[in-house]
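Asks: Residue numbers (the numbering used here), protein chains in the order written: chain A, 1 to 324; chain B, 325 to 665; chain C, 666 to 949.
Keep in mind that the hints were calculated from the coordinates and are not lab data. The structure displayed is predicted, hence computed values, not measured ones. Any given hint might turn out to be false.
Said to hold, decoys possible - The calculated label-pair distances, taken between Cβ atoms and stated as ranges, are:
1) C/Gly-807 / B/Trp-491: 47 to 55 Å
2) B/Leu-337 / C/Lys-732: 22 to 30 Å
3) C/Gly-829 / B/Thr-503: 31 to 39 Å
Claimed, not checked - Okay, derived cross-link-like pairs now, DSS-like style, lysine-lysine, Cα gap no bigger than 30 Å in a straight line:
4) A/Lys-135 / B/Lys-578
5) B/Lys-585 / A/Lys-12
6) A/Lys-148 / B/Lys-585
Virtual Cβ for every residue (Gly too), placed ideally from N, Cα, C.
Okay, here's what each chain looks like letter by letter:
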Amino acid sequence: MDEPLLKIKNLKTYYFTESGVVRAVDNVTLDIRKGELLGLVGESGSGKSTLGFSIIRLIPPPGKIINGSIFLNGIDLMKLSEKELRKIRGRRIGMIFQDPLTCLDPLRRIEDQMVETVMVHMDVERDEAREMAAKALEKVGISGDRLKDYPHQLSGGMRQRAMIAMATMLRPELLIADEPTTALDVIVQSKIMDLLTDLKESMKMSILLITHDLALVIERADRVAVMYAGELCEVGTSEQISQDPLHPYTKLLLESIPDVEAPKTKLKSILGNPPDMRNPPSGCRFWPRCPYAKDLCKKTPPRFMELGGRIVRCHLYDREGEKS
Amino acid sequence: MASLKTFIIARALALIPTILILITLVFFIMRVLPGDPVVAIVGMKAPPERVIELKKELGLMDEAGNPIPLPIQYLNYLSKLVSGDLGRSLIWGKRPVLLEIMEHLPATIELAIAGFIVSIILGLVLGSLGGWMGGKMSSTVKTYGAITYALFIPWIGMLFQLFFAVWLGVLPVAGRIDTGLEPPTITGLYLIDSMIMGRWDSFLSALKHITLPALTLGLVISGVFTRVTRTSVEEVMRKDFVVAARARGIPEHKILLHVLKNSFVPILTMMGLQLALLMTGAVLTETTFSWPGMGTFLLERIQYRDYTTVQGTVVFFAIIVSLINLIVDICYAYIDPRIRY
Amino acid sequence: MYTFRPLLVKLVPKVRLKGLTLAGTIMVLFTVFLAILAPILTPYDPTKSVDLSLQPPSWKHPFGTNKVGQDMWSRTVYGARTILAVVFLSTIVSILIGVPLGLVSGYVGGISDRILAMIMDAIYAFPGLILAIAIAAAMGPGIINTAVSIAIVYVPTYFRMVRGQTLSIKEQLYVEAARAIGAKPLTILTRYIFPNVISVIAVVFTLSVADVVLTEAALSFFGLSVPAPTPDWGFDLKAGHPYLLSGYWWLITFPGLMIMILAVGFTFIGEGVAEYLGAREVKI
Numbered sequence: 001m002d003e004p005l006l007k008i009k010n011l012k013t014y015y016f017t018e019s020g021v022v023r024a025v026d027n028v029t030l031d032i033r034k035g036e037l038l039g040l041v042g043e044s045g046s047g048k049s050t051l052g053f054s055i056i057r058l059i060p061p062p063g064k065i066i067n068g069s070i071f072l073n074g075i076d077l078m079k080l081s082e083k084e085l086r087k088i089r090g091r092r093i094g095m096i097f098q099d100p101l102t103c104l105d106p107l108r109r110i111e112d113q114m115v116e117t118v119m120v121h122m123d124v125e126r127d128e129a130r131e132m133a134a135k136a137l138e139k140v141g142i143s144g145d146r147l148k149d150y151p152h153q154l155s156g157g158m159r160q161r162a163m164i165a166m167a168t169m170l171r172p173e174l175l176i177a178d179e180p181t182t183a184l185d186v187i188v189q190s191k192i193m194d195l196l197t198d199l200k201e202s203m204k205m206s207i208l209l210i211t212h213d214l215a216l217v218i219e220r221a222d223r224v225a226v227m228y229a230g231e232l233c234e235v236g237t238s239e240q241i242s243q244d245p246l247h248p249y250t251k252l253l254l255e256s257i258p259d260v261e262a263p264k265t266k267l268k269s270i271l272g273n274p275p276d277m278r279n280p281p282s283g284c285r286f287w288p289r290c291p292y293a294k295d296l297c298k299k300t301p302p303r304f305m306e307l308g309g310r311i312v313r314c315h316l317y318d319r320e321g322e323k324s
Numbered sequence: 325m326a327s328l329k330t331f332i333i334a335r336a337l338a339l340i341p342t343i344l345i346l347i348t349l350v351f352f353i354m355r356v357l358p359g360d361p362v363v364a365i366v367g368m369k370a371p372p373e374r375v376i377e378l379k380k381e382l383g384l385m386d387e388a389g390n391p392i393p394l395p396i397q398y399l400n401y402l403s404k405l406v407s408g409d410l411g412r413s414l415i416w417g418k419r420p421v422l423l424e425i426m427e428h429l430p431a432t433i434e435l436a437i438a439g440f441i442v443s444i445i446l447g448l449v450l451g452s453l454g455g456w457m458g459g460k461m462s463s464t465v466k467t468y469g470a471i472t473y474a475l476f477i478p479w480i481g482m483l484f485q486l487f488f489a490v491w492l493g494v495l496p497v498a499g500r501i502d503t504g505l506e507p508p509t510i511t512g513l514y515l516i517d518s519m520i521m522g523r524w525d526s527f528l529s530a531l532k533h534i535t536l537p538a539l540t541l542g543l544v545i546s547g548v549f550t551r552v553t554r555t556s557v558e559e560v561m562r563k564d565f566v567v568a569a570r571a572r573g574i575p576e577h578k579i580l581l582h583v584l585k586n587s588f589v590p591i592l593t594m595m596g597l598q599l600a601l602l603m604t605g606a607v608l609t610e611t612t613f614s615w616p617g618m619g620t621f622l623l624e625r626i627q628y629r630d631y632t633t634v635q636g637t638v639v640f641f642a643i644i645v646s647l648i649n650l651i652v653d654i655c656y657a658y659i660d661p662r663i664r665y
Numbered sequence: 666m667y668t669f670r671p672l673l674v675k676l677v678p679k680v681r682l683k684g685l686t687l688a689g690t691i692m693v694l695f696t697v698f699l700a701i702l703a704p705i706l707t708p709y710d711p712t713k714s715v716d717l718s719l720q721p722p723s724w725k726h727p728f729g730t731n732k733v734g735q736d737m738w739s740r741t742v743y744g745a746r747t748i749l750a751v752v753f754l755s756t757i758v759s760i761l762i763g764v765p766l767g768l769v770s771g772y773v774g775g776i777s778d779r780i781l782a783m784i785m786d787a788i789y790a791f792p793g794l795i796l797a798i799a800i801a802a803a804m805g806p807g808i809i810n811t812a813v814s815i816a817i818v819y820v821p822t823y824f825r826m827v828r829g830q831t832l833s834i835k836e837q838l839y840v841e842a843a844r845a846i847g848a849k850p851l852t853i854l855t856r857y858i859f860p861n862v863i864s865v866i867a868v869v870f871t872l873s874v875a876d877v878v879l880t881e882a883a884l885s886f887f888g889l890s891v892p893a894p895t896p897d898w899g900f901d902l903k904a905g906h907p908y909l910l911s912g913y914w915w916l917i918t919f920p921g922l923m924i925m926i927l928a929v930g931f932t933f934i935g936e937g938v939a940e941y942l943g944a945r946e947v948k949i
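Next up, chain A with everything else stripped away, as it sits in the complex (with noise of 0.2 Å):
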């Protein structure tokens, strides 16, 4: 198999905070492959925001990345200087974020900023920037001559594609995007989603998708992380998570999303609520949320294991690929 994009290992992000520290990211590996759509899902709190933002080390005070490497084609981003890693980010990295009305500057316009992102990582004259951003803009379907409007003037769909523009006009290979369609209605989001795919596949770019929402990974991503307080659970493709689950976080999960075909029944939720991650449950951290924990489980934290081209962190599994 082709060397993956990105190589995250053992990466472990925490928030020292006055009441405690909160281990957001907890040893976390993960490979993101090139040219896929790779789904990072979990509940608020499970870190994986934080992951995202990790990765091109934008964590604020008082967060710290303490330990880890993330290998971009080889360079491990862990080691490089502020001013190396700014070229990374937007040039070969780009994120996108949830909710476009704050994330763009309000006293400027779109041109504006666009333009200056262009000037910042390539050399090259103001009109030629210009051009490059309402190319840009029309990929993603919005009319060049919004160049000028401000932020306010465009409506929540064609801000997240003006971001999107944004984070994708120079040719990234990775685009981060945190939860870009939690803020918009389905319709919109559908249309958001299918761009995010066409230019997954023109520009050839892997998309990480961070999102609580399990259906959306599962319908649009070829593969899927689910991710909880702090760790991974379970990695597979698409197919096998959603038809054949293994861990019980993955099960739980897919069982609560509605089914519109399906008989009216209750609506499925977990049990319980995240944990508090200044102190998280000993062992493996969703035994007291899971169906078939057992006492082995509240005692020692499980071990990734690969079954079948997947990777899964339970007990239930951890007999040399035995099922229990």
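Position chains B and C against the provided structure of chain A, taking the given hints into account.
Replies: Same frame as chain A, but now just chains B and C:
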């Protein structure tokens, strides 16, 4: 932009009721509050002719000697104002109040500008540093802001006088300029006039005299600016577009510029609101340093019970404050396109 | 949008500002202490001439004596009473007028509410001290008059905040529900809206009281506050000012210092309150 014009017109129209309310308020204060002004001016044992004469001057009685009812008094008052008549002084030979105000206004303007400049420099610099750097710097700036805001101007002024004028002897205690060195009047602002006319002796004297008052005023007002700048910068720094910009690889110094521009709007509003503080501060500073401006003028007339002048001066203040607030609002709308209707 | 910042982690930097708030509370309490224990703490009658004039600080007169021969220590300590009395009185009056007006106006709404709000806004935008000066000048000296003059200046502040709170609470569902079951407006106001408004009043008070102190000091500086022999810090400052040139520094230092202690004390407390409320900017 058409929308900016609409905004200006709308706000200008809204000005009228505001000014009207204030003018009415002043009228009420002067006429309706307890205390008989006539008695206060001439005492209990005044001859009746004098009392009548005074009542006519105050507009309480008409030419024939009949008392004018309150509503009519109000209308007379309004109509006089519209024609620019702020009343006449009761003591200085019926000089028009407006004229006297104009004589004293330049001194206050000069002091206000000087103090304002000092406060902006202090406020913006300290505030931006505090907001940008966060942590210990932020706390220090916060404390600075809290303390300076609560300083009593006369006291600080006096301490400065004690230290620099009395003990060190390097700066003058009070006054605006050494007698005889007044420059010819062009703008009324000594510093500007002396520069225009090349009178460097005047300029130096005026500069020396304005230093302590400007420092005092500027220091105390800077507290608010510092606080607003710091909070504003801090708040903007936390905004998502800052993170998003960083995620695009924009270097920090560029981000700082954008942060400042975004922070500027609340700072500007504060500047407008601080006009009230500036005026209050100017009044206090003037009396401490015997600065011959509006503040000293107002207090002096209160001392002499020159009610018509006091009333006219307060009305004048009201109008000026409202006008300047309007201008600030317009600048606000110019900078932030979201504000325009 | 820092959605990843775990919901459980609330960053309230209590530790850092506790120092400031604590210092502020001490300063204010110190002043109150002086006011309450004035007769015990002072050997002389502050309104009477007790010694030679213009004496520098000594064991007999720790703060010296002024031009009239009054003991500055006694005057400074008793001055705490004057200023606290005025501040207390004027705050009460402001609240008694501003709060009910804000409640009723906000609740009733309509044209009268708009007009009243406009009037209040106009007053609010006007420089407070100048307004207070005008009113105090018209009313004459005296504790009550001074308190009223200052109170009028701050009525709009209370009015606005209370009205704002009332407007937002009015729209809440539970108020709608109460109205639906036929509760009288007075009941709604007192039982539902007012309790929520109390915290706002406390906040407004904390954040504006330093201003009130400075306004009183300014009024007394201009001789527009309490009449002559009553000890008043601002007045003493004015009285002592002319002697500064001749080097009589003790006449102004101590009264001025006390004004600063009280005002800064209240400001520090206000800062603590604002910080406690979080990043939400409380605009006064």
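Asks: A separate judgement is required for each hint: does it hold in the structure or not?
Replies: Cross-check of the supplied hints:
For the pair C/Gly-807 and B/Trp-491, the beta carbons lie near 38 Å from each other, so the given range of 47 to 55 Å is not met. At roughly 55 Å, the beta-carbon separation of B/Leu-337 and C/Lys-732 lies outside the given 22 to 30 Å, and the hint is violated. Distance hint check for C/Gly-829 and B/Thr-503: the Cβ-Cβ separation is about 53 Å, which falls outside the suggested range of 31 to 39 Å. Under the criterion of a C-alpha separation no larger than 30 Å, the hint pairing A/Lys-135 with B/Lys-578 is consistent with the structure, at around 25 Å.
Among the hinted pairs, B/Lys-585 with A/Lys-12 is inconsistent with the structure: their alpha-carbon atoms are about 36 Å apart, more than 30 Å. The straight-line distance between the Cα atoms of A/Lys-148 and B/Lys-585 is roughly 19 Å, inside the 30 Å bound, and the hint therefore holds.
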